[in-house]
Amino acid sequence: MRRILSALVLLAVLGLATFWVVTRPRPVDPGLLAGLVPDAAHGEQVFWAGGCAACHADADATGAAKLVLKGGQRFASPFGTFLAPNISNDATAGIGAWTALDLANAMLRGVSPEGSHYYPVFPYASYAKATPQDVVDLRAFLATLPADPTPSQPHEVGFPFSIRALLGGWKFLFLKTDWVVGGELSQEEARGRYLVEALGHCGECHTPRNALGGMRLGRWLAGGPVPGGQGNFPNITPAKLDWTVPDIVEYLNSGFTPSFDSAGGHMALVVQNTAHLPESDRRAIADYLKRVPPVE
Amino acid sequence: MRKAIFALTTTLLAAMPALAQDMTNPDEILTARHGYMLLLAMQLAPLGAMAKGTAPYDAAAATEAAKNLAALSGIDSSMLWVPGTEAGVLTDSSALPAIIANTADRADRFAQLKGAADALVTVAGNDVEAMKAGLGGVGAACGGCHKEYRKPD
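Here the protein sequences line up with chains A and B, keeping their order. Numbered by the working numbering, the letters in the first sequence go through residues 4 to 299 in order. Numbered by the working numbering, the letters in the second sequence go through residues 55 to 207 in order.
Chain A with its partners taken away, still in its complex shape (with noise of 0.2 Å):
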């Protein structure tokens, strides 16, 4: 009976340590952006890639406005609703007295500067594969934004979502750096392939997820259901998507599509993001989604 028990504690303990071990936040190596000079002006070019103003500024805003960090936008998922936190330049309120290697661990390894684990609404999941360069560069770029004093608002997450160190059990299973595409590329298709699976992060919304939030990267962009909303994601893989390159540039710029109606809903967002990237870039993300496995 006592040889029982004792294995039972040892098993616990074994249990508790594999626990520990697994969801323990794992920051970047501190030395990972030794030697990296900043530029701001590409940085710009990094936060419109990354969409950053699409969900931390206020929805309705255009102009100067965009550049206005407050968050508070509303998220619905089935664990419950995010509210985005606040990431303009005040020093209290946003992300002012980040360093840019408290920014590479939370868009590389999604652990806040004190060690905690964000929920996966921050799209590190793509976001983790961007370039050390490209985190410092935006880290410098968002130094020039203005600062906004709007405190940011909990999340409305029950139990047991509300425990983040569950979240280093999601992380441990669907955070992921290698390519899900893969293969020979050309220079574009490759450019095209670090902006829409990286900074772009179109995969979060046009990927379905399974039942614990993870993308389903064999049905990769196949499109599906918006969570806790209505309508659905289309399907961008060439099985569904059949517009032309061409088409797909000009939709990146101008909201069109092929027959002349316009892009609704958050995606009317992520083309006021686009269209700020240089003409190459909208196109090598044309000639990656046509490298894309057609998925039905």
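Just so you know, these hints were derived from the structure itself, not from any lab. We treat Cβ as the ideally placed atom computed from N, Cα and C, and that holds for glycine. One should not assume that every hint holds.
Unchecked claim - If we take Cβ atoms under 10 Å as the criterion, some of the chain A residues that face chain B in the derived model are:
(1) T65
(2) V229
(3) N235
(4) P237
(5) T247
(6) P249
(7) S262
(8) F263
(9) H269
(10) M270
(11) L272
(12) V274
(13) Q275
Stated by the list, open to error - Computed footprint of chain A on chain B, listed as stretches where at least three residues anywhere in the stretch have a Cβ under 8 Å from a Cβ of chain A:
(14) 94 to 104
(15) 182 to 192
What the hints assert, rightly or not - Computed Cβ-Cβ distance ranges for the label pairs, DEER-style:
(16) A:T84 with B:V143: 26 to 32 Å
(17) A:T180 with B:A86: 51 to 57 Å
(18) B:A86 with A:A94: 24 to 30 Å
(19) A:T153 with B:V143: 33 to 39 Å
(20) A:A100 with B:E183: 37 to 43 Å
Fit chain B to the known structure of chain A by using the hints.
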């Protein structure tokens, strides 16, 4: 003969209410609204083809299309936005009730579209890059309103 004319006049007079309908049939209003949007799209089509490079750039044709767009977006379209023609009432409608209710914001959105179309008129004949930039402004105006007021697919 005189009798025939009298009969015809009487018949026509009797038919007047039908001929002079005040166009309040929701289905007809929706058809007109969709037609209006399609007419806008038909002006955008040549501009878009030039922007995509699938048609050669033609300064005169681009300016003409831009002028049409400006003229169309400048009309008072309030007769197209009436209660009873919104999504949820008519199955073919994707207009959220708010676009019908918020008359002031709707007028403002159309003024934005008109402003973007006017700006496009001034640059459409310059060169293809200037035209593309102007077209982007029109697209932003379209998208801004669709984002807010159109039912998601």
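Which numbered hints are broken by the structure, listed smallest first? 18
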